[in-house]
Each structure stands twice: as C-alpha cells, then as structure tokens.
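Asker: Each chain, letter by letter, is given below.
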Amino acid sequence: MILIQVVLIAAFILLLLKFLANPNSYQIKAWKKIIGILFVFLAIMAVLFPDLLNHIAHFFGVGRGADLLLYLVTLAFIFVVFSQYVSSKQEQKRLVKLARKLALLETELKSKK
Amino acid sequence: MKETDVAIIIPVYNEARVIKQTIQGVLSSFPLVICINDGSIDNTAEEIEKTKAILINHPINLGQGAAIQTGIEYALKDPSIKYFVTFDADGQHRIEDVKNMLAYIRKEKVDVVLGSRFLGATENMTPLKKAVLKAAVKFSNFTTGLLLTDAHNGLRVFNRRMAEKLDITMPDMAHASEIIHRIAEHQFAYKELPVTIAYTDYSKAKGQSIMNAVNITFDLLLQRVTKR
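If you read the protein sequences in the order shown, they are chains A and B.
Per numbering that gives the first Met the number 0, residue 0 is the first one in the first sequence, and the count goes up by one each step.
Per numbering that gives the first Met the number 0, residue 0 is the first one in the second sequence, and the count goes up by one each step.
In isolation and in its complexed conformation, chain A is listed as follows (with noise of 0.2 Å):
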C-alpha cells in the first residue's frame, strides 16, 4: 500500500468515529479551527508556490498535486456533510422538545379555562 492510501483510509476512519461520537465537545470545536487554518495556509503556499503541491504529493505517492488536492477536497467534504447531518439532528431534537413543550402548555392553558 503506498502512503497516501493507508493516510486517507486512516482519515476516513477517525473523522468518522471522533467527529460523529461527539461533535460539539470543545475539543472537536479546537480541531476544526485547527484544520480549517491549516487549509487556509496550504491554499496559499499552494497559490505561491504551485510546484510545492507536487512535491507533497510525490513524497505521499500521489501522481500529481491536482490529484492530491481533489483527495483532500473530497475528505473534507465527506467530512463537512457529516457534521452538518449530525448537527441538524441534534437541532431537531431540540426543536421537538421546544414544540412538545408548547403544546402541552398550550393544553394546560385550555383545561384551566
């Protein structure tokens, strides 16, 4: 297996168990700036620099930096959907309550007039 496989099967691995078990622990909330920055730089140098993408892709094994670049792309959107699935479903439960409250006040309301 060259490098990059067993990095992205790793990747793929821990965004899920970590990121899924507890997403709004302020670890996980420390990490995603911490990526998010790093991105941000890598985007730069990668602007500045363009042959710098090839080289980091030469040394995980990957052909070309595009590819690279389109691999690291695509965890980070596999990553984004699923902390937007989870966290929509945690606004939902939320939302349930609030609604169940309601209506059962508003219930009690009629039964006291």
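Careful, some of the hints might be misleading.
[What the hints assert, rightly or not] Subject to a maximum C-alpha distance of 27 Å in a straight line, what follows is the list of computed DSSO-like cross-link-like pairs (lysine-lysine):
hint: 1; chain 1: B; residue 1: 164; chain 2: B; residue 2: 106
hint: 2; chain 1: B; residue 1: 137; chain 2: B; residue 2: 190
hint: 3; chain 1: B; residue 1: 164; chain 2: A; residue 2: 96
hint: 4; chain 1: A; residue 1: 111; chain 2: B; residue 2: 1
hint: 5; chain 1: A; residue 1: 109; chain 2: B; residue 2: 49
hint: 6; chain 1: B; residue 1: 51; chain 2: B; residue 2: 98
hint: 7; chain 1: B; residue 1: 128; chain 2: B; residue 2: 108
hint: 8; chain 1: A; residue 1: 109; chain 2: B; residue 2: 81
hint: 9; chain 1: B; residue 1: 108; chain 2: B; residue 2: 190
hint: 10; chain 1: A; residue 1: 100; chain 2: B; residue 2: 164
hint: 11; chain 1: A; residue 1: 88; chain 2: B; residue 2: 164
[Said to hold, decoys possible] If we take Cβ atoms under 7 Å as the criterion, some of the chain B residues that face chain A in the derived model are:
hint: 12; residue: 56
hint: 13; residue: 58
hint: 14; residue: 65
hint: 15; residue: 69
hint: 16; residue: 170
No lab work stands behind these hints, which were simulated from the structure alone.
These numbers come from a predicted model, not from an experiment.
Idealized CB from N, CA, C, for every residue including glycine.
Let chain A serve as the given structure and place chain B on it in line with the hints.
Answerer: Here is chain B on its own, set in the frame of chain A:
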C-alpha cells in the same frame, strides 16, 4: 366496565376522515383518550374536538415518535394512570385486542405487552410488506437480543415504570425500533400477544412506504455511532 387507569395515546396526522370514528370506538371502553394532532394540515383538530378526547396540538409536524412521547408526558402528569396504550389513528387496531393485552398486563408481572401481527391474523397484507417486516424483525432481534415476532406494531400496552423511562428521541418512524431498544436496555419484562390488524384500503394508502425501512435503518445505525 370502564377502565379509568388507562390512557389511550393516539398520534394523529392528517386523519380527518377516520379519526372521529376511531376515537368514538375507543371512548366506549376507555374514558381517557389523548390525541396528539401532529401538525395536520386538514381539519383533524376540528374532528377531534367534536369528541370527548383530549386534544394536544403540536405547533408543527414533528413525527409519530415525537407525538407518542408528547402523549406519554401528558398522561404521566395524572398519577392515577397506571397503563399506557399506543394506538393507531387509522382504525386498523381492534379494541378487543387492547382489552386482552390490558387483562394480561394486569394479571402477569410484565412491564410491556406488544401486539404482534404474525402471531395473530392479518388481513390483506401484501407479500412485499410481509417480507420487509420479517426482515426488520430479524434485524431487531439480532441487535437487541430480544425474541420478538413483530418489531413495528403500533399497538403496545405498558406500565408507568416503562412510561417514565421510555423517552423516545427518534421523532419519525424509527421510534418503533427505539422502543424495542429501551426494553432491552432497561430489561423490561415483555410479552407479545397476537393482534388482528385490518389493512383496509384506507390504511394501506396511508401506510408508510417500504422504502422508509432504509431511512429507519440508517438513522438507527447512526444513533449507535453518535453517542448522545
């Protein structure tokens, strides 16, 4: 004899055509009927108000699981209620089955009695629906360690102890599996009794699509990964 320590919980979503008839059938035997109108867009609420049932209006549509949980929380406020029954709005359940299940839970030391379509007679079930339901049962038994013949029956009778612990969080149809998981988790004593379900043209048209099994399975698996 009317059973005054029983709350019949009926989640209702767009059932204006049949809900009044269903409620009146139940009211003849059970005085406390709690209808949760889950944000219906037809005149379900008006139809319920014509009866003596208690009407709780969800301000927006939340899903059947959420509606049942709302009904349970309302019923729990009344300390004289000992037994909780979940009942479908479309008239596919029979009162005799509820009475039968209540007699069992009163006599035997179980926390919950579940209705099973596969122990009893089932009228007009399509072969595909039957196959999917059987597969769902296998999956459910495998993941919970319980031995059931029907995992997704809407007719259930349970006691106060279970009602307090139930806490349904799956707002949609996945709540049926969630209830089974709660039984396994808290080791409630359970019993399955045969019930007869009438799959009328009306209930078949209203019934959930088989494809929804995919949604339910996915949500349940995801809930395992994401600890709450």
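Asker: All the hints need checking, so say for each whether the structure fits it.
Answerer: How the hints compare with the structure:
no. : hint             : verdict
1   : B:164 with B:106 : holds (22 Å)
2   : B:137 with B:190 : holds (17 Å)
3   : B:164 with A:96  : holds (16 Å)
4   : A:111 with B:1   : holds (25 Å)
5   : A:109 with B:49  : holds (15 Å)
6   : B:51 with B:98   : holds (20 Å)
7   : B:128 with B:108 : violated (33 Å)
8   : A:109 with B:81  : holds (24 Å)
9   : B:108 with B:190 : holds (10 Å)
10  : A:100 with B:164 : holds (18 Å)
11  : A:88 with B:164  : holds (22 Å)
12  : 56               : holds (6 Å)
13  : 58               : holds (5 Å)
14  : 65               : holds (5 Å)
15  : 69               : holds (5 Å)
16  : 170              : holds (5 Å)
Going through the hint list in order, the structure does not satisfy hint 7, though it satisfies all others.
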